[in-house]
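Undergrad: Which chain is which? The protein sequence lines are Y and B, in order. Taking full-length UniProt numbering, the leading residue of the first sequence gets 1, the next gets one more, and so forth. Taking full-length UniProt numbering, the leading residue of the second sequence gets 1, the next gets one more, and so forth.
Treat the hints with care, as some may be off.
Identical copies look the same in the list; a pair holds intra-copy or inter-copy alike.
[To be verified] Derived lysine to any residue pairs resembling SDA-like cross-links, with alpha carbons at most 20 Å apart:
| id | residue 1 | residue 2 |
| --- | --- | --- |
| 1 | K28 | P292 |
| 2 | K185 | R68 |
| 3 | K220 | P204 |
| 4 | K343 | G323 |
| 5 | K23 | K185 |
| 6 | K343 | I281 |
| 7 | K23 | E186 |
| 8 | K23 | V328 |
| 9 | K125 | A277 |
| 10 | K309 | D275 |
| 11 | K23 | R188 |
| 12 | K185 | V27 |
| 13 | K28 | N189 |
| 14 | K28 | E186 |
| 15 | K28 | R188 |
| 16 | K23 | G323 |
| 17 | K185 | A66 |
Just so you know, these hints were derived from the structure itself, not from any lab.
Number of protein chains: 2
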Amino acid sequence: MSEHHVVVIGGGFGGLQVVNGLKGAGVKVTLIDRRNHHLFQPLLYQVATTILSTSEIAWPIRHLYADRPEVTTLLGEVNGVDAQAKTVSLRSGMVLNYDTLVLATGATHAYFGHDEWEPVAPGLKTLEDATTIRRRMLLAFERAEVESDPAARDAYLTFSIVGAGPTGVELAGIIAELAHFTLPKEFRNIDTRKTRVVLIEAGPRVLPAFAEELSAYAQKALEKLGVEVLTGTPVTQCTADGVTVGENFIPSRTIVWAAGVQASHAARWLGVPADRAGRTIVEKDLTAPGLPDVFVIGDTALVIRDDGKPVPGIAPAAKQQGGYVAKVIRARVSGKPAPGPFKYWHQGSLATIGKSAAIIDFGRFKLKGWIAWWIWGLAHIYFLIGTRSRFAVAWNWFWIYMSGQHSARLITQRETMRDDG
Amino acid sequence: MSEHHVVVIGGGFGGLQVVNGLKGAGVKVTLIDRRNHHLFQPLLYQVATTILSTSEIAWPIRHLYADRPEVTTLLGEVNGVDAQAKTVSLRSGMVLNYDTLVLATGATHAYFGHDEWEPVAPGLKTLEDATTIRRRMLLAFERAEVESDPAARDAYLTFSIVGAGPTGVELAGIIAELAHFTLPKEFRNIDTRKTRVVLIEAGPRVLPAFAEELSAYAQKALEKLGVEVLTGTPVTQCTADGVTVGENFIPSRTIVWAAGVQASHAARWLGVPADRAGRTIVEKDLTAPGLPDVFVIGDTALVIRDDGKPVPGIAPAAKQQGGYVAKVIRARVSGKPAPGPFKYWHQGSLATIGKSAAIIDFGRFKLKGWIAWWIWGLAHIYFLIGTRSRFAVAWNWFWIYMSGQHSARLITQRETMRDDG
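Hey, can you work out the whole structure from these sequences and the hints?
TA: Structure follows, in structure tokens:
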């Protein structure tokens, strides 16, 4: 009898947890991702805002499994799945047979039918997205410095963030701090303290996943940092010159999109039903409907809890799903009874506002202020992979606390170089 | 009387030293660079070879002069100089008047009349160059892992470095260590220990700027790491498939160019004589011929020493020239006698081979082995800017020593992403 082959697509939180959970299970594992690295997305906004370097929150996937000879890592992109033949085809032409398939391919930004906004309002999902936002933000200050027309200068000094979930709130807080505290002494022609940071939310309040009192606290903390918060106002247009909110046009040369996500193509590959956001509607054991050998987890799956609410698209949920799937596979290959249906345990919601405020919503128990900030910081350092990254991130945060100076303020990539360079 | 205005073009080692030396001189300074950061080029090869992150060896220029209100930093690219009108024009259309101009615009790669080789054999001058080389090198291993044709696989596992100066030697040493010690356990289909690293030098020996005995030692150290050293053999062709050395074609999918440099356009802007490498032939006080208010320093200047040899294009030489120019300017504005002609003091030549050997040539006094490595390491940490970077680089080196694991093994930039990503 040949070894059971598990193919895992996607090296995010969910996919890695499946591979981790299969250690010693006696199965062969192939892990495929189109990037060579696992990314710690919860801190990606800190790369975009010049606090952390790319290598501090990303790890080469194949390094993580160097000591697991039964795990093969492939850099590749999935083209399609043939669930009848039980094969996965890659864009390179390679075809892999699987006994069990796990799709953990995540999600990307959604522009709600306005994909034409993407070039002017980039989202934040990859390391390149983060360095793109960083470059645009830093270049806006540089261009303001040499701009003589006051209206054009103000447009460079206006940063709009669309969407007030955790990412939008975190970006707005750090950009405001950067403009108001870190940069003022470095420019001669502009006063960066006059920078406008506008956080735009279509819903009635910031951080809608949190309790109302925490949303209210977060909004006050943002306003204290100088962020203008607009709630209940959908964005109706984004251009290179600015953003239209309801009827109002805000001249703004830098727009960041933090408003919505669209699941990856898992449902389409499988030919199974998806919700409006493209998420595969999975069974109680996280398999795709009618395909007991195919699991779909993380941001690309829609899992409904007993109370009728969906499991949120956050890292702890993806990890719990990955761990559960590993258990199901272990039970199957060893002929033991399968575990019961997947149960999501919500450990709490966390968000930070700048470098001294945070909120934590544990449900019954709520926390805000600097104690919440410390818990947030320690939790994130704990969940990083490896001593080196934990140390490097902790050191950067400590340094920024002590000096106020961000370390990763580099404008890179071709756009800034001379044509022949 | 209006303030004396010094315009410095280029935020490399030379340009920064001019600005540093003008502290308290009562002059207005404008520092222009087409990048927003100063780059510590001597360690750039460590970014290319996954040891360091970009932000560890680069600093935002305007941050360095935050506390010098008389210094204005501009992100911009010079289009031309009008030495009669005493103006500098930027590509953006801005025109600046100067009383004194310092051109410290550096050098770029030279392909000796074969610019068509550049796309297949990138050089190493900017952060983008470093991440490009890093991406190509890491992708070559990834592609080898999924390549079924043995000859094609071998071509992916052959890395050619053209030019055996310090950069070429350093790159070859680290790539060999990476392939032979760091990566073997992470791949399932290839044996990265069979990687070929070929170092090609047209001249008779590696590191020609060093004493012969040190060159011989370096070559032995390279060969011990598994590097194939070809000397006395010029490259006659570079293509995407490999490099031709004399009559021999070496199939090699990754080529790095470390063979020659070409000075920037300073001489052309000024309309003054240049040598074959494009370097402005300057006067004994580092001014351009016939233009006493224009200084040219660093890699873009040719300075002949009393013994007839040119000052080498290295960081300490640029810094000495920058310091000298600041002194001349201070003397002029305060009406004191100008200092005598510029004298270059050669402090020594340093190079490393992998992570345990180095050579230092102080002239009469020569050093090799691990003591040289430690001196090299401490010297480089000392010359980094600021506590944060010193600490971060030292920590990375310590970590690699203890674990053998490189931290910055990330493939980034668009080439690796899916089309719609």
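Undergrad: So, for every hint listed, does it hold in this structure?
TA: Here's how the hints hold up against the structure:
Proximity of K28 to P292 under the C-alpha cut-off of 20 Å is restricted to the intra-copy arrangement: shortest distance 19 Å within a copy versus 74 Å between copies. Taking identical chains as interchangeable, the C-alpha atoms of K185 and R68 lie at most 20 Å apart only when they sit on different chains, with a minimum of 9 Å there against 51 Å within one chain. Proximity of K220 to P204 under the C-alpha cut-off of 20 Å is restricted to the intra-copy arrangement: shortest distance 15 Å within a copy versus 70 Å between copies. Proximity of K343 to G323 under the C-alpha cut-off of 20 Å is restricted to the intra-copy arrangement: shortest distance 11 Å within a copy versus 68 Å between copies.
For a Cα distance limit of 20 Å, the shortest separation of K23 from K185 across copies, 17 Å, qualifies, whereas the shortest one inside one copy, 53 Å, does not. In the homo-oligomer, the alpha carbons of K343 and I281 lie at most 20 Å apart inside one protomer (16 Å), although the nearest pairing across protomers, at 76 Å, exceeds that limit. Only between protomers do K23 and E186 lie at most 20 Å apart by alpha-carbon distance; the minimum there is 16 Å, versus 52 Å within a single protomer. Taking the shortest Cα distances, K23 and V328 sit within 20 Å of each other inside one copy (13 Å), while across copies they are farther apart (69 Å).
In this assembly of identical chains, K125 and A277 lie within 20 Å of each other by CA distance solely inside one copy; the values are 16 Å within and 44 Å between copies. Taking the shortest alpha-carbon separations for K309 and D275, only the intra-copy value of 14 Å comes in at or below 20 Å, while the best inter-copy value is 74 Å. Taking identical chains as interchangeable, the C-alpha atoms of K23 and R188 lie at most 20 Å apart only when they sit on different chains, with a minimum of 17 Å there against 58 Å within one chain. Only between protomers do K185 and V27 lie at most 20 Å apart by alpha-carbon distance; the minimum there is 19 Å, versus 59 Å within a single protomer.
Taking the closest pair of Cα atoms, K28 and N189 come within 20 Å of each other only across two copies (14 Å); inside a single copy the shortest separation is 62 Å, beyond that limit. Within a single copy, K28 and E186 get their C-alpha atoms only as close as 56 Å, which misses the 20 Å cut-off; across copies the closest is 15 Å, which meets it. Within a single copy, K28 and R188 get their C-alpha atoms only as close as 61 Å, which misses the 20 Å cut-off; across copies the closest is 12 Å, which meets it. Proximity of K23 to G323 under the C-alpha cut-off of 20 Å is restricted to the intra-copy arrangement: shortest distance 11 Å within a copy versus 60 Å between copies.
For a Cα distance limit of 20 Å, the shortest separation of K185 from A66 across copies, 5 Å, qualifies, whereas the shortest one inside one copy, 47 Å, does not.
In this structure, every one of the numbered hints holds.
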